[in-house]
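Given these sequences and hints, build the entire structure.
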Amino acid sequence: MNNLAFKTLLAPSLVLLLTACGESGSGSDHNGSGPVGERSSVQQETVGTNNVGDSQDAGLGGPEVSLGPVVPALAFATDTRSENRDPYPDLQPIISDAPPTCAPAGRPAAKGPSCDDLKNANYYEDSSDTWIDAQVFIPEHREGEKLPVILHSHGWGGSKVVELPEQPYCEEYLKPYNCPVNEGGGLLSMFGQLDDVLSDLHSRGYIVVSFSQRGFGDSEGQIMVMNPYHETRDAQAVIDWIAERGRSGELPVAVDEAGNFPLGLFGGSYGGGFQLTLAALDDRVDTIVPVGTWHALEQALLPSGAVKGGWGNLLCLLSTGKSRHPLLDEACVGMFFPFIRTRKALDPTGEIIKFMGQNGLHYLKNLEVSQKPYRDGEEPFKLRPIDSLLIQGNRDVLFPLQEAVDNYHYLKLAGGDVRLLSNQSGHMNPLANQVDGTTSCGGVDMFAAIRTWFDVKLRGADESLLDRIPGVCITLDNEKALIAEEVPGLNYEADKLMGVNDQWRSFSMSIGMARGPQKCEAVYEVPAGERKVLAGIPKLRDFKVKGDLIGGLGVSYMGVCLIRDGQTMLVDDMVTGFVPGDYPNHELIAVGEALRPGDQIGLMAFKSKEHMNFMSTATIGQVTELLLNGFSAGSGMSGAAVQDLMDPLQTLLSGVFVNAYTVSGEVRLPILESELLSQRTPDAYYGTPEDFNQQPW
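Counted the way mature numbering (1 follows the signal peptide of the UniProt record, and there is no 0) counts, the sequence shown spans residues -22 to -1, 1 to 675.
Worth flagging that the hints you see were computed from the coordinates, not collected in a lab. Built from N, CA and C at the ideal position, the CB exists for glycine as well. Heads up, some of the hints might be wrong.
[Claimed, not checked] Straight-line distance between alpha carbons at most 25 Å, and here's what the computed DSS-like set of lysine-lysine pairs gives: (1) Lys300 - Lys332; (2) Lys522 - Lys497; (3) Lys474 - Lys497; (4) Lys497 - Lys524; (5) Lys332 - Lys360; (6) Lys474 - Lys517; (7) Lys522 - Lys322; (8) Lys360 - Lys390; (9) Lys332 - Lys322; (10) Lys332 - Lys350; (11) Lys474 - Lys390; (12) Lys350 - Lys390; (13) Lys524 - Lys322; (14) Lys390 - Lys517; (15) Lys350 - Lys360.
[As the list claims (entries may be wrong)] For each label pair, taking beta carbons as the anchor points, the in silico distance ranges come out as: (16) Phe54 - Asp75: 15 to 25 Å; (17) Glu356 - Glu141: 36 to 46 Å; (18) Gln70 - Leu391: 35 to 45 Å; (19) Val140 - Asp543: 19 to 29 Å; (20) Asp445 - Glu235: 30 to 40 Å.
Structural data, given as structure tokens:
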């Protein structure tokens, strides 16, 4: 594995998306003008924009207006502590007024709770200045031209983008989307290609502002994992800074009296997480494109009371040496012990769960449901409509498709234009031999969809272009996908309209001890001569988990299995955990698979699974090698430090993973007919939602 591949595995370098085609934001009351139509490396003598922010763009049918001379592209850092101060030596830094998270030793307690007091959950004291570092990329443009902005941030363990990859010259660049980013294979191809998309879109005329989250890179502050009172306020400070620079003329941005300007958010993984709460709390944001991120951090990392230790301890490794909140340190200590398998064992006091519960869109949804305000003295929180293009990997074992489905559902209820695309990539687990598939969803090209989305939402391009992006697209394999207007299994009435099979089927399995490490119990067989699709959310009813170890201990690891030609496969590599208990109504993680006649579908139970359980002795050496060869330089940890950290674990992890349990209940699988299929073609296919290259296979 090369260094870049592993770097993208552990800290997906998330990317900004930019395009050229018009402007005019949607989501706040403002307009902006931008470079027109399709750009080339040599600017035209006349650029089709009137430079007043009213969407009069020649590329979109408006009159051509002459502007000033060409202004060359420019990139610079915002942190005044940096030596790279050109071209603005007196540029003001970005300073967040987010409150302190805790007080270091020797600091007055009035400035915030003590870092040593892990029981103190009162994180929101008087304001404190936090320096936030960013990199600004201004594309080549004409003097007087105003450009839209994409605000970008990075993956966990990473930092801001400091240099955009150079893009190859394309002879047909004047034709939109004729120079797509090539799909690559290998580890985390979706995240690894986003930097190329960023560079491509920057060259099409968007200002890119990429900033380091608190605790990462050169940004100050303690890592709070996208807390709306900290990371969100940091991001708002970046928006404030952009608006001020636009007013002063330091940035070619059209800012109205209310401080609005055409603004889109982009990033993946951790860089997707910042978008959701920021857009929910700041109406200056016009649109978002989060890639591979979460809805509820607790459910993603501690599903149904089980600990996702395989990824959890890896995330802790990536933030070792960073400024983390003490509760994160406490959680990371627990993640490194293989016998910590349940939420209760990891967090007996409940403080870690309380901390995690404040991070992400799920926290704001809970405020709305309980009719509580975001801040004291305000009206009860209510989510505003947010135009959102959600992209997630079906085989993402850190933030599975279910996280995007939950975001989709909540955002749809609030109104706005919300669409969901899935693909065969995401956070892969190389220790489980996972390798990325394609980033397209059937005939829908992810990168072209991103460009089109920003063109329409930020530049005022014809809304009919959005017909190229379906409401819901669930990938089934590297070639095929399901096109729908709703996620199967999410809404019973919609399921009936789509013809989703509504039959409940019973199951019962025991695992562990002398009963084997894994079992698949088939509950449905595709009839001869028929082709079906498994796509959406499997539902559970009267689901019971009984721990069969001493004291009723044990953790269930469940997924959907496929038996084909005598071979048993786990659909989408998806497994979720359940601690012992009764679950009257629950669900498994959303999946997608094209079915053939004779295929058998059912539930699969495991004694253990790589991304759910701590790494074994056999694999810990692989992790060490990956860290030493691929990521340690970018993580802030030296290779020696990684080796010193991993070596003592060899003895600790040599024990056998003991687990035994029994499960029973009923399942309703999202199985439907195959009429709404999209087949991938060699070239990106565009059509209307009714014409998404549908064909049988």
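Comparing the hints with the structure gives:
1. Lys300 - Lys332: Roughly 22 Å separates the two Cα atoms, so the pair holds.
2. Lys522 - Lys497: The hint holds at about 17 Å.
3. Lys474 - Lys497: Distance of about 31 Å is beyond 25 Å: violated.
4. Lys497 - Lys524: Cα-Cα ~16 Å, so holds.
5. Lys332 - Lys360: holds, 21 Å
6. Lys474 - Lys517: The hint holds at about 15 Å.
7. Lys522 - Lys322: holds, 19 Å
8. Lys360 - Lys390: holds, 13 Å
9. Lys332 - Lys322: Holds: Lys332 and Lys322 sit about 13 Å apart, inside 25 Å.
10. Lys332 - Lys350: Holds: Lys332 and Lys350 sit about 16 Å apart, inside 25 Å.
11. Lys474 - Lys390: holds, 19 Å
12. Lys350 - Lys390: Given pair Lys350, Lys390 holds - Cα atoms ~21 Å apart, limit 25 Å.
13. Lys524 - Lys322: Between Lys524 and Lys322 the Cα gap is close to 16 Å, so the pair holds against 25 Å.
14. Lys390 - Lys517: holds, 21 Å
15. Lys350 - Lys360: holds, 9 Å
16. Phe54 - Asp75: 15 to 25 Å: Cβ of Phe54 to Cβ of Asp75: about 24 Å, so the range 15 to 25 Å holds.
17. Glu356 - Glu141: 36 to 46 Å: This hint holds: roughly 41 Å between Cβ atoms.
18. Gln70 - Leu391: 35 to 45 Å: holds, 40 Å
19. Val140 - Asp543: 19 to 29 Å: 50 Å Cβ-Cβ, so the 19 to 29 Å window is violated.
20. Asp445 - Glu235: 30 to 40 Å: holds, 35 Å
Of the numbered hints given earlier, the model fails hints 3, 19; all others are met.
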